[in-house]
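Asker: So you can see what is in the structure, the chains are spelled out below.
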Amino acid sequence: DSGVTQTPKHLITATGQRVTLRCSPRSGDLSVYWYQQSLDQGLQFLIQYYNGEERAKGNILERFSAQQFPDLHSELNLSSLELGDSALYFCASSPFDRNEQFFGPGTRLTVL
Amino acid sequence: QKEVEQDPGPLSVPEGAIVSLNCTYSNSAFQYFMWYRQYSRKGPELLMYTYSSGNKEDGRFTAQVDKSSKYISLFIRDSQPSDSATYLCAMSDSGGSNYKLTFGKGTLLTVNP
Numbered sequence: 001d002s003g004v005t006q007t008p009k010h011l012i013t014a015t016g017q018r019v020t021l022r023c024s025p026r027s028g029d030l031s032v033y034w035y036q037q038s039l040d041q042g043l044q045f046l047i048q049y050y051n052g053e054e055r056a057k058g059n060i061l062e063r064f065s066a067q068q069f070p071d072l073h074s075e076l077n078l079s080s081l082e083l084g085d086s087a088l089y090f091c092a093s094s095p096f097d098r099n100e101q102f103f104g105p106g107t108r109l110t111v112l
Numbered sequence: 001q002k003e004v005e006q007d008p009g010p011l012s013v014p015e016g017a018i019v020s021l022n023c024t025y026s027n028s029a030f031q032y033f034m035w036y037r038q039y040s041r042k043g044p045e046l047l048m049y050t051y052s053s054g055n056k057e058d059g060r061f062t063a064q065v066d067k068s069s070k071y072i073s074l075f076i077r078d079s080q081p082s083d084s085a086t087y088l089c090a091m092s093d094s095g096g097s098n099y100k101l102t103f104g105k106g107t108l109l110t111v112n113p
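So the sequences go chain by chain: A and B.
Going by this note's numbering, the residue at position 59 of the first sequence is 59; the numbering climbs one at a time, nothing skipped.
Going by this note's numbering, the residue at position 102 of the second sequence is 102; the numbering climbs one at a time, nothing skipped.
A hint or two may mislead.
[To be verified] Listed below are the simulated PhoX-like cross-link pairs for lysine-lysine, each with C-alpha atoms no more than 20 Å apart in a straight line: (1) A:9 x B:42; (2) B:56 x B:67; (3) B:2 x A:57; (4) B:67 x B:2; (5) B:105 x B:2; (6) B:70 x B:105.
[Stated by the list, open to error] Computed list of chain A residues with no C-beta within reach of chain B, every gap over 10 Å: (7) 77; (8) 86; (9) 100; (10) 101; (11) 110.
[Stated by the list, open to error] Beyond 10 Å from chain B on every Cβ pair, some chain A residues (computed): (12) 15; (13) 20; (14) 22; (15) 27; (16) 31; (17) 43; (18) 44; (19) 62; (20) 63; (21) 79; (22) 99; (23) 111.
Calculated directly from the structure, the hints in this document are not laboratory data.
Positions of the beta carbon are idealized from the N, C-alpha and C atoms, including for glycine.
Given only the sequences and the hints, what does the whole structure look like? Please build it.
Answerer: Structure follows, in structure tokens:
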């Protein structure tokens with residue numbers, strides 16, 4: 001157990017809908033990262049937050065957004081969902097001064 | 001050319017074998033190198049973390065980094081059936097507190113009893 005929690009474990013929804021994925025980092029970690037894992041693309045970095053502020057952006061679609069709250073938990077919002085958004089979404093966290101990232105168990109999103 | 005290339009396998013070995021997993025990369029700014037193990041439908045688990053070139057050993061696992069060749073390796077000695085998983089290499093540059101990881105696509109390893 002990495003200490004990173006993610007909810008829900010599974011999410012099944014329809015095209016055009018909006019969902020919110022939630023992540024709680026390890027105790028004391030200030031950085032939260034979101035990744036998407038699909039069979040064809042592998043693990044792709046989406047976005048990083050550090051102590052409430054956006055720090056880095058990767059291949060994140062405009063339909064996707066994220067935020068980190070004062071208690072350091074983070075949410076990833078996915079809207080206008082398409083079939084191709086079906087994937088595993090992972091959250092990871094790291095201490096403020098190191099880039100060893102610890103991953104949560106993931107949320108499996110299925111868009112029908 | 002992808003930034004990180006990793007042979008997807010699958011790789012099948014008998015129990016007790018020495019396993020060698022490799023990645024090549026093109027971005028010379030990468031300085032931090034990691035290996036993750038991912039069991040089916042689980043989150044990646046950090047196995048090894050190295051900085052710059054050199055070797056690091058932890059139990060049955062040895063990580064090697066050759067920055068001049070842009071090549072990293074993970075060796076598993078005395079492999080066990082419980083080592084059966086997908087192994088992902090990951091890398092990042094030293095961009096302050098922006099530590100986004102770039103991953104290889106993973107190598108699927110099966111260790112047969």
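Asker: Of the hints stated earlier, which fail here?
Answerer: Per hint list: 9, 10, 16, 17, 18, 22 violated.
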